[in-house]
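Number of protein chains: 2
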Amino acid sequence: MDDTGLLDIAYEEALLGLAEGGIPIGAALFAADGTLLGRGHNRRVQSGDPSVHAETDAFRAAGRRRDYRSTIMVTTLSPCWYCSGLVRQFGIGAVLVGEAETFYGGHDWLAEHGVRVTVLNDRRCIDLMSKFIADQPALWFEDIGVSD
Amino acid sequence: MDDTGLLDIAYEEALLGLAEGGIPIGAALFAADGTLLGRGHNRRVQSGDPSVHAETDAFRAAGRRRDYRSTIMVTTLSPCWYCSGLVRQFGIGAVLVGEAETFYGGHDWLAEHGVRVTVLNDRRCIDLMSKFIADQPALWFEDIGVSD
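One line per chain: the protein sequences are X and B, in this order. Heads up: the first sequence at position 18 corresponds to 18 in UniProt numbering, and the numbers run straight through without jumps. Heads up: the second sequence at position 145 corresponds to 145 in UniProt numbering, and the numbers run straight through without jumps.
You may find that some hints are simply not true.
Covered, in the sense of this in silico footprint (three residues per stretch, anywhere, with C-beta under 8 Å from a C-beta of chain B), are these stretches of chain X [claimed, not checked]:
1) 66-72
2) 86-98
Covered, in the sense of this in silico footprint (three residues per stretch, anywhere, with C-beta under 8 Å from a C-beta of chain B), are these stretches of chain X [unchecked claim]:
3) 9-17
4) 115-125
Honestly, the hints are just simulated from the structure, not real lab data. Backbone N, C-alpha and C define an ideal beta-carbon position, used for all residues, glycine too.
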């Protein structure tokens with residue numbers, strides 16, 4: 001599967017989250033050969049749980065594992081510090097980012113620490129988040145800890 | 001409540017985790033006046049969920065909030081990158097660490113980014129983790145993403 005094919009899964013998750021009334025960010029964790037290990041989306045609204053970002057949901061869905069070096073975390077949006085910390089701590093080898101235009105997280109920091117980072121600048125992802133942020137700014141700022 | 005009183009709650013959580021057969025790390029999130037907002041412990045073993053570290057469990061238990069600047073995250077062990085990222089992203093104002101002897105995570109990075117960090121070097125916490133790591137090294141390394 002090429003990068004766009006991998007991103008498609010994360011984007012489907014983002015749309016699922018939106019359909020549930022949630023924050024439309026999706027993610028998926030893949031093995032190096034393209035096998036899907038886990039997929040998920042932000043659940044702040046749906047579960048009332050601020051700890052479930054898209055990446056953590058996909059990571060959880062993949063279950064307990066001993067080694068993440070050959071895995072790829074695919075996410076519709078640049079990973080925040082929380083999710084970047086997840087990638088760094090567990091040694092996830094690669095991150096594929098749908099877009100970093102509406103939010104710029106920690107992916108440069110990950111690249112500095114040896115993670116292979118690709119930013120796709122995907123138009124669907126940009127449009128989805130742009131509309132969501134315009135529609136629900138308070139919810140968006142809550143999700144990234146911006147309180148001003 | 002003084003620092004040791006705050007740490008007592010996190011330590012109780014670590015002991016709860018140990019009694020459940022889990023990894024003995026506990027945490028609690030407090031308001032500036034010492035009000036407990038949420039408490040929790042690592043649940044990798046109990047829930048088969050690699051995404052629930054002690055700090056994320058306490059953060060989840062505190063529910064959705066708009067502003068974390070005046071809160072204090074108390075943890076029995078130096079926060080890993082995942083949990084340090086949580087603190088940074090959500091702007092948690094202070095971190096109180098039981099010990100950083102058996103594991104050295106991201107608390108210096110947090111201090112560089114304006115978080116008030118205190119390391120207590122608490123003997124109970126050091127002894128608890130030292131014994132756990134000696135007893136179950138494979139489980140411990142799994143929890144911090146060390147695969148070698």
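Verification of the hints:
no.	hint	verdict
1	66-72	holds (count 4)
2	86-98	holds (count 5)
3	9-17	violated (count 0)
4	115-125	violated (count 0)
Hint compliance for this structure: hints 3 and 4 are broken, all remaining hints hold.
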